[in-house]
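Can you build the whole structure from these sequences, using the hints too?
Order-wise, the sequence lines are chains A and B. Okay, so the first sequence: first residue is 1 according to UniProt numbering, each after it adds one. Okay, so the second sequence: first residue is 1 according to UniProt numbering, each after it adds one.
Read the hints as simulated data drawn from the structure, not as lab findings. Backbone N, C-alpha and C fix where the C-beta goes; we use that ideal spot for every residue, glycine too. Among the hints, erroneous ones may be present.
Stated by the list, open to error - Listed next, with one range per pair, are the computed distances between beta-carbon atoms:
# : chain 1 : residue 1 : chain 2 : residue 2 : range
1 : B       : Ala405    : A       : Ser131    : 26 to 36 Å
2 : A       : Pro63     : B       : Tyr488    : 50 to 60 Å
3 : B       : Asp387    : A       : Asp58     : 48 to 58 Å
As the list claims (entries may be wrong) - Where chain B lies over chain A, by a calculated footprint (3+ residues, C-beta under 8 Å):
# : segment
4 : 34-45
5 : 64-76
6 : 104-117
7 : 120-131
As the list claims (entries may be wrong) - Counterexamples of contact, computed for chain B against chain A with all Cβ distances above 10 Å:
#  : residue
8  : Leu144
9  : Gln207
10 : Leu265
11 : Arg306
12 : Pro368
13 : Leu370
14 : Glu371
15 : Arg411
16 : Arg454
17 : Tyr472
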Amino acid sequence: MSHTPLLTHRRAVLKGGALGLIPALSSAPAWAAIAPGVLIDAHVIDRRVWPGALPRSDAPVLPFDGDITALWYHRLDPRWRRPGFVLGGITGADTLFVLEQLARTRHRAVVSRRPLSAGATQWVIAPAHPSIAG
Amino acid sequence: MTTPPGLTAAVFDDALREIRAAVGDEWVFTTPADTALYRDAYSLFWDEPEERLASAAVAPATVEQVQAVTRACNARGVPLYPISTGRNLGYGGSAPAYSGSVVLDLKRMDRVIEVDERNGSCIVEPGVSYFDMYRHLQSRGSRLWIDVPDPGWGSMIGNALDFGGGYTANPYRNHFEAHCGMEVVLADGEILRTGMGALPGAQTWQQYRYGFGPYLDGLFKQSTLGITTKMGFWLFPQPEAYFTASINLPRYDDLPMLVDTIGELENANIFNGMPGISSPVLFRGGKNPLDFPEIPEGAEMDRLARETGLPCWSARLTFYGPEQVIRAQWAYAKSRFPTASFTEHALVKLPLSPADMERIHKPSFGIPSLEMFAMGARSAHNPNPTDGHFWFSPIIPRTGEGFIAANRIIRQTCQRLDIPVLLFSPPVSSWWRAFILVMAIPVHKDPARNQHLRAAVKELIRVCADHGWGEYRTAPAFHDAVMDTYSYNNHIVRRVNERIKDALDPNGILSVGRYGVWPKRLREQGGRK
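Structural data, given as structure tokens:
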């Protein structure tokens, strides 16, 4: 049995402009390109590696500066303990590695990743187990 | 799905059927995508045939499920590799030491069973991380501290069993020494409780660790003998204050006296935090204080000290306790160094103010952190971050002469063998009365580079052993090489471990090969060596 596919049944239908994804901002990466059809519930952006435009989104945008500890501890981990919640991010590979390890404990996985410029990576972490499918 | 070596697919399928019945189908993972999650991200065998990979993984939620899984594996000889959270990166991570093992992932067993404020203790399951425990204590307004490693994302039990350490006071910063009482599932599925836990009705499981008769807990440190499902720990009552200050000595020849005297002060409980040795003259110009350069000859170091006006050596003492007690302790400590100068760094009153919280080294205050990952990231100072690292960590004599000799010989050997070194620590004193050198050595996703590295590090292990320096812990690639160096009386330590292994785990299913202890059936086949 594989539990790694994206398990976001509740909102797996592409809703075009209604998505919480970044629309075609000239300076921001397109989220639909790496996670088509997926509603992103929040974005984390490492300002150290992505000082450019923040996503224009109905979903919360959570910027931080290098050290993910406080953001993960106060915002992400409490949310990851409950079902659902798809997280998009632009960080360095180091931070993504840390979040990938932490997500695994909460039965979540990186379902998409794409290198951007200068060490930044764009990614999506989503539920990867039936027990937390939204 | 791969099949563990020596088993038929039918037998393995039968074991998995029984395991699924015990834990639920959704908690048994067998696809390549699932088992790949258990790869050691810092493996020295990455993408080589020797890489240690899981055949499957299972995540039980209760001790009863652990027992059922163990019995299913024991009945069929299925190798089983328990992990707590698998974050022991640099020492193996979540990958099994023996390829084809079923990883027993205990992350769902994440209950804080008890916190006893009066006794200053807790009981936890293996999935409880330091962050989990910190959150638990904070949410209840506890005045107890945990001692945390850095980073603090791992399991309290897993870190203690692997002999991890932290940064606060004795005895808390030695995580195995700070435990009191264990619950262990043995290879046949029986449950053992150690210490006073063996006495039904005892209310002293987390008070007196020794129980009656031989002390068994050590059998489960860095072990292949059982699956720890509960562990008690002593917690540190939040002190009133924290203070750190340095003793600076001008001459190269001062180091032996400095190390001896701070050892005497520590052993007499004049200070209780972790001491640190540094060299202001060698670290002049903002060099990384965790990367100790090769120590020059005495005349050269004294010349540098004279020219720069910087001391050759510095020892940082750390105190936790009431402020008036700390001040008296520090005054006494200073009196023992009549030729020294002193630097007082910080007196922090506790609990921490928000402003202090932003500027302190969090692990020194029992606060888990992930900050170190941000420090290793790509930057102008670090344009080519590595694919990970492993730790090389020999125990060296706790003397000034011992530190200088180990620093020079290991530095020179690394250079001769072309071993790159990311960090080369000063002597670390997480463990009372001992010095450890801790080196971070980079690994890559390049088999050729890793092959060179493995051969070179095995030679480094031999060189250290020739000088009497032995690793206290190592990456799985070197478990056998390090165990080989503990060779007194024809390797009696390994042979006794094997006898115990054969008695407690006769089918040889648990943590096969871990720390160089192999079950009889594989010893007879030559093991993996």
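Results for each hint:
As the Cβ distance of B:Ala405 to A:Ser131 is approximately 55 Å, the hint placing it in 26 to 36 Å is violated. For the pair A:Pro63 and B:Tyr488, the supplied restraint of 50 to 60 Å holds, since their beta-carbon distance comes to about 57 Å. At about 37 Å, the beta-carbon gap between B:Asp387 and A:Asp58 misses the expected band of 48 to 58 Å. With 0 residues bearing a CB less than 8 Å from a CB of chain B, the segment 34-45 of chain A misses the requirement of three and the coverage assertion fails.
Given a C-beta distance limit of less than 8 Å, the hint that chain B covers the segment 64-76 of chain A holds, as 6 residues qualify and 3 suffice. Check result for the segment 104-117 of chain A against chain B: holds, 3 residues qualifying (beta carbon to beta carbon below 8 Å, three or more required). Counting residues of the segment 120-131 of chain A whose beta carbon lies closer than 8 Å to any beta carbon of chain B gives 3, which reaches the threshold of three, so the coverage claim holds. Annotated as non-interface, B:Leu144 keeps its C-beta farther than 10 Å from every C-beta of chain A; the closest such distance is 19 Å.
Once the 10 Å rule is applied to beta carbons, B:Gln207 is consistent with being away from chain A; the minimum gap is 31 Å. No beta-carbon of chain A comes within 10 Å of the beta-carbon of B:Leu265; the shortest separation is about 34 Å. Remark: the non-interface label on B:Arg306 is consistent with the geometry, its nearest Cβ contact in chain A lying 40 Å away (cut-off 10 Å). A beta-carbon of chain A is positioned within 10 Å of the beta-carbon of B:Pro368; the least distance is around 8 Å.
The non-interface label for B:Leu370 is inconsistent with chain A: the shortest C-beta to C-beta separation is roughly 4 Å, within 10 Å. For B:Glu371, the requirement that its beta carbon stay farther than 10 Å from each beta carbon of chain A is not met, with the minimum near 5 Å. For B:Arg411, the shortest C-beta to C-beta distance to chain A comes to about 27 Å, beyond the 10 Å cut-off, and the non-interface label holds. With a least CB separation of 23 Å from chain A, B:Arg454 remains clear of the 10 Å interface cut-off, as annotated.
The beta carbon of B:Tyr472 sits about 24 Å from the closest Cβ of chain A, which is more than 10 Å, so the claim that it is off the interface holds.
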